[in-house]
Amino acid sequence: MALDSKVPKGPIKDKWTDYKNKIDLVNPANKRHIDVIVVGTGLAGGSAAATLAELGYNVKAFAYQDSPRRAHSIAAQGGINAAKNYQGDGDSTYRLFYDTVKGGDYRSREANVYRLAEVSSNIIDQCVAQGVPFARDYGGLLDNRSFGGVLVSRTFYAKGQTGQQLLLGAYSAMNRQIARGKIEMFNRHEMLDVVIVDGKARGIIARNLITGEIERHSAHAVVVGSGGYGNVYFLSTNAMGSNATAAWKIHKKGAYFANPCYTQIHPTCIPRSGDYQSKLTLMSESLRNDGRIWVPKNMEDVLAIREGRKKPTELSEDERDYYLERRYPAFGNLVPRDVASRAAKERCDAGYGVNATGEAVYLDFASAFERYGKEQAKIHNIENPSPAKIKELGQAIVEAKYGNLFQMYEKIIDQNPYETPMMIYPAVHYTMGGVWVDYNLMTTIPGCYCIGEANFSDHGANRLGASALMQGLADGYFVLPYTIGDYLSDDIRTGKIPTDSKEFDEAEKEVTKRINFFVNNKGTKSVDYFHKKLGKVMWDKAGMSRNAQGLTEAMAEIKAIREEFWKEVYVPGTADEMNPELEKAGRVADFLELGELFAKDALMRNESCGGHFREESAELDGPQKGEAKRNDKDFAFVAAWEYKGEPADAVLHKEELEFKDIELKQRSYK
Amino acid sequence: MNLTLKIWRQKDSKAKGQMVDYKVTEISEHMSFLEMMDVLNEQLVNSGEEPVAFDHDCREGICGMCSMYINGEAHGPDRGITTCQLHMRMFNDGDTITIEPFRAAAFPVIKDLVVDRMAFERIQQAGGYISVNTSGNTQDANNIPISKHAADEAMDAATCIGCGACVATCKNSSAMLFVGAKVSQYALLPQGQVEAADRVKNMVAQMDLEGFGNCTNTGACEVECPKGISLENIARMNREYLSATLKG
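Residue numbers (UniProt numbering), protein chains in the order written: chain A, 1 to 670; chain B, 1 to 248.
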C-alpha cells in the first residue's frame, strides 16, 4: 500500500482553514447514533474524549489507572508553548512552526507542524476558560518563560506542574461529560486488541484489571492516545505502567509504525543508584541556564571521588573538565538535549563518571552563586563582601529560581546541592516515533486514529521543550474532533456495531489464549527479569549512540530474549483476578517485539538526525569534527514499517518529506 | 539493612484480610520505599508466591496513585511526600514496618494494599468543572485578568493530587480537604463564579452520599497531605456552602 499523507493542497498557511471548510460534517442529531472509543486519558486522549462527547458522540474512554487524572501527562513539569506573542518579542505562528521543524532536525511533516503552531493559541484560551491556574504577572496577565533552543518567550506554565494542571483541566471537561452520560469511563481497564470488521476499526477487546474479565466494546471509530514507548528501555522517566501495548496491537493489525528509533534522551536526570532502580527522575532542563557541567580532568581524582577520599569541591578550576564549554564554546552548557546527552556519555564511557556506577557527571552551581552573589552585593551596597557572604546572597537567588528542584534532589540523593555539585546523567524521556498517521491523524487502518505521543507526527527526530503538551492538546481539542467527523459522516446509517460477530469472537479468543498461556506457563523467571535484560540491550546498543554492528547484535539479542521469554516466563496468580504480574507480562511481550523493530529502524537509518546518532554518520574533519551529520539526500523520509510477523521481516514504506516553506540546514552549536 | 514487614494481605474485596509477616534483607538505604516493595515482590515471585498488590505509577510524587499507610501514617514517616518518594534511609536496620492500605468506609479494599477511590471520581463529576465547551473561539486568554495573588492561591489549591491521604489519616474519614481544594480553586477564579453556588452544593451532597465523615478540625489531613494543601480550603468551602444555601 502506498502511503498517502492526505495533506491538503494550497499555501501552508491556508491548508487547515480550507480543509475545515470543505470536510463533511455529521449533523448533531446523527452524532448521538455514533460511538467512539478513546484509549488513554492523558492530554491527548482526555481532551479528545471530552471534546467528542461535547459534540454529541457517545464516547467510551479507557484508562489502566484508577482515574483519568493519573495518566502520565500529569508529570510534565516545564510548560506549554503557544505562539501568542504576549511578550511582543516577535513570536508568530510561522516562528513556532519554524522552530519546531528545525528542532526536529527536519524530519517532520511541514503541514502537520504548521497546523500545530496555528492552533497553539486556542489551547491557551481554552485552558484558561476551563480554570487552569497558569502563572500570572502583577498586572493579572499571563506570564511566560523561555525554553531551550528558541529565541522568544512563548512558554506558559503553572509552577513546575504544568502537565498536572492541563491534565486536570481536560479531566474536569471529561467529568462534566461523564456526569451527562456522554462519556462512559472505564477505569482500570486495558485495551488488549483492536477489532477490525470489513477492513475498518470497529471496536476493542479490553481486560477489566480488577476482575480479569475480558470485555468486548464496539464503536464506529477507535482512537488510540496511549502515550510513548520509552519503557522499552526498562528505565526511563515514564510511569511504571506506561506501555506500548495499545499502539503495538494496532500495528499488528495493520497500522504502520513510524520512526521507532527516534527517542529523546534527556540530559538532566538523577543518576541510577543501583540494580534495584525502578525508574528515573527528570530534573528540569532549566537548570542548565545556571549550572556548569563537568567531570574531573585526571583519572586519579575520579577514583578518589568515587572512593570518597576526595570531595568535588576540593578540585581546583584547572583540575576540572567543563567538557561542554570546551567542545561547544558558542552554546556551552545550553546545547540541545541530544548533544548534551551524548557528550555526557562520551566522558563516562571514557571512565570519568563520578559516582559508584560510573554514570554521572556534575552540574555545578558554584559559579552561579558567585555571579548572583556579587550582583546582589552591589545592589545592596555591601562593600568588600566576604566569599561566604557572596555565596549566601547568590544561593538565595538560586533558591528562588529552582528551590523545589534542589529539594527534590536532596530527597532522592540525600546530598545538599547547595554545598556539593549535583550529579546528573541522561535518561530516556520521550519517543518521537510512533504510529504513522496521515494529516487526519488516521492510521493505515481505516477508522483507527492515533494522537499525542503515541503517533509520530509533529516532532521529527527531536522534540523541543514544552512542545509535547502542546501537541497532545492540539490533537485532542482541535484537530481530531474535526478530522474524525469527515470519516464518521459515512457511518450515520450504520447503526450500532454488534459485538457478537466472528471478528469479535476471534479477537477475544486470541486475547484469552495469550492470557491463559501466561498464567499456565509456570516458567522459571519473572517478567521483570526479561524486561531488565531487554532494557540493557536497548540502552547499550540502541541508546545515545548507535552503530551498525551494535544494532545488528541488538536485533539478534532481543530475538533471543523474546524466545526465552516465551519459554521461561513465570506469572503467578490467575487470569480472573487483579494480577499486576500478568499485566506486566503482556506489556513486556509487546516491548520485546517493538525493541527489535526499533533496532531494525535504527540500523536502516544510516544517518545522524536529532535523537538518533549513528557513529558512522559523523563529520570527519573540519570544525564540526565528530558531530552528527544528517543525510538529506538519502534519508529525508519517514520510515513507516508494516507488520509481517517477525519484527525482522517488517516491510519499509517511505513517506518522502518535502520542505517547501523551510530551507534545510545542518545544525551547528560550535 | 534487614527488615521485618507486616503487610495487609486480602485476596479480593470480599475475602477476609490479615496481616502477614515477611523478611527482606540487604535493603539499601538509597532505595525508595516502593523499590523495597519491588525487592519483596521479586522474592515472592521467585519462590512461587503471590506478590503484594499495591497501586503506584509515576513514582515521582505527582500522579497520586500510590497509597500506603506505613507505621500508622498515610505515606509514611516523612512530610510533604507521597509513598513513592519515601526513602529507606528513614528506617533503621532491624525495624519492623507495618504496611496497610488507606482505610476508610468510602475506600473499600480491592486487593492487598489497593483501594477503590471511585468516590473521589463521583465527587468531581458532581461539579468539579467549569461548563465550557471546546471551541476555537473562546475569548483571548488575556481578556480575563486575574490578580497574581488569586491565581497563586488557586494554583496552591489545584496542586491536590487526589491520593486520599487526607481521608485515610482523618479519624472521621472526612474528604473535606480534597473537596475544599477543588471548590477553592474555582471559587478563587472569575471563570468559576457563574456556577459557584451549584458546584459547592452538588459536590458536598455527593461527598455526604459517599459516606465520608465530617470535619472536626483536628488538622491531621493538612499534616499528612503530600502537597501541603492548607486547611483554609475547608474554611473557604464552608463559607461558599453557607452562602450558596442561604441564597437558596
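The hints are simulated quantities; they were obtained by calculation from the structure and are not laboratory data.
As the structure is a computational prediction, the values presented were derived from the model and not from experiment.
Do not rely on the hints blindly, as some may be mistaken.
[What the hints assert, rightly or not] Straight-line distance between alpha carbons at most 25 angstroms, and here's what the computed BS3-like set of lysine-lysine pairs gives:
| hint | chain 1 | residue 1 | chain 2 | residue 2 |
| --- | --- | --- | --- | --- |
| 1 | A | Lys644 | A | Lys513 |
| 2 | A | Lys525 | B | Lys11 |
| 3 | B | Lys23 | A | Lys401 |
| 4 | A | Lys13 | A | Lys102 |
| 5 | B | Lys148 | A | Lys159 |
| 6 | A | Lys567 | A | Lys252 |
| 7 | A | Lys252 | A | Lys502 |
| 8 | A | Lys584 | B | Lys148 |
| 9 | B | Lys148 | A | Lys525 |
| 10 | A | Lys297 | A | Lys310 |
[Stated by the list, open to error] Partial selection, computed: residues in chain B whose CB lies under 8 angstroms from chain A:
| hint | residue |
| --- | --- |
| 11 | Lys6 |
| 12 | Trp8 |
| 13 | Tyr22 |
| 14 | Met31 |
| 15 | Val45 |
| 16 | Gly72 |
| 17 | Asn92 |
| 18 | Gly94 |
| 19 | Thr96 |
| 20 | Thr98 |
| 21 | Ile110 |
| 22 | Ser131 |
| 23 | Gly136 |
| 24 | Ala151 |
| 25 | Tyr186 |
| 26 | Cys215 |
Heads up, the beta-carbon is just placed ideally off N, CA and C, and yes, glycines get one too.
Verification of the supplied hints:
1. A:Lys644 <-> A:Lys513: holds (21 angstroms)
2. A:Lys525 <-> B:Lys11: holds (23 angstroms)
3. B:Lys23 <-> A:Lys401: Between B:Lys23 and A:Lys401 the Cα gap is close to 43 angstroms, so the pair fails against 25 angstroms, i.e. violated.
4. A:Lys13 <-> A:Lys102: holds (18 angstroms)
5. B:Lys148 <-> A:Lys159: holds (13 angstroms)
6. A:Lys567 <-> A:Lys252: Status holds; Cα separation ~22 angstroms.
7. A:Lys252 <-> A:Lys502: holds (19 angstroms)
8. A:Lys584 <-> B:Lys148: Given pair A:Lys584, B:Lys148 is violated - Cα atoms ~45 angstroms apart, limit 25 angstroms.
9. B:Lys148 <-> A:Lys525: Violated. B:Lys148 to A:Lys525 sits at ~56 angstroms, over the 25 angstroms cutoff.
10. A:Lys297 <-> A:Lys310: holds (14 angstroms)
11. Lys6: Status violated, d = 21 angstroms.
12. Trp8: violated (15 angstroms)
13. Tyr22: Nearest chain A Cβ about 15 angstroms off; hint violated.
14. Met31: Hint holds; B:Met31 Cβ to chain A Cβ min 6 angstroms, cut 8 angstroms.
15. Val45: holds (5 angstroms)
16. Gly72: violated (22 angstroms)
17. Asn92: violated (15 angstroms)
18. Gly94: violated (20 angstroms)
19. Thr96: With Cβ-Cβ at 21 angstroms, over 8 angstroms, it is violated.
20. Thr98: violated (22 angstroms)
21. Ile110: holds (6 angstroms)
22. Ser131: Holds, because the Cβ-Cβ distance from B:Ser131 to chain A comes to roughly 6 angstroms (cut-off 8 angstroms).
23. Gly136: holds (5 angstroms)
24. Ala151: Status holds, d = 4 angstroms.
25. Tyr186: holds (6 angstroms)
26. Cys215: Nearest chain A Cβ about 23 angstroms off; hint violated.
Against the hints set out earlier in the document, violations occur for numbers 3, 8, 9, 11, 12, 13, 16, 17, 18, 19, 20, 26.
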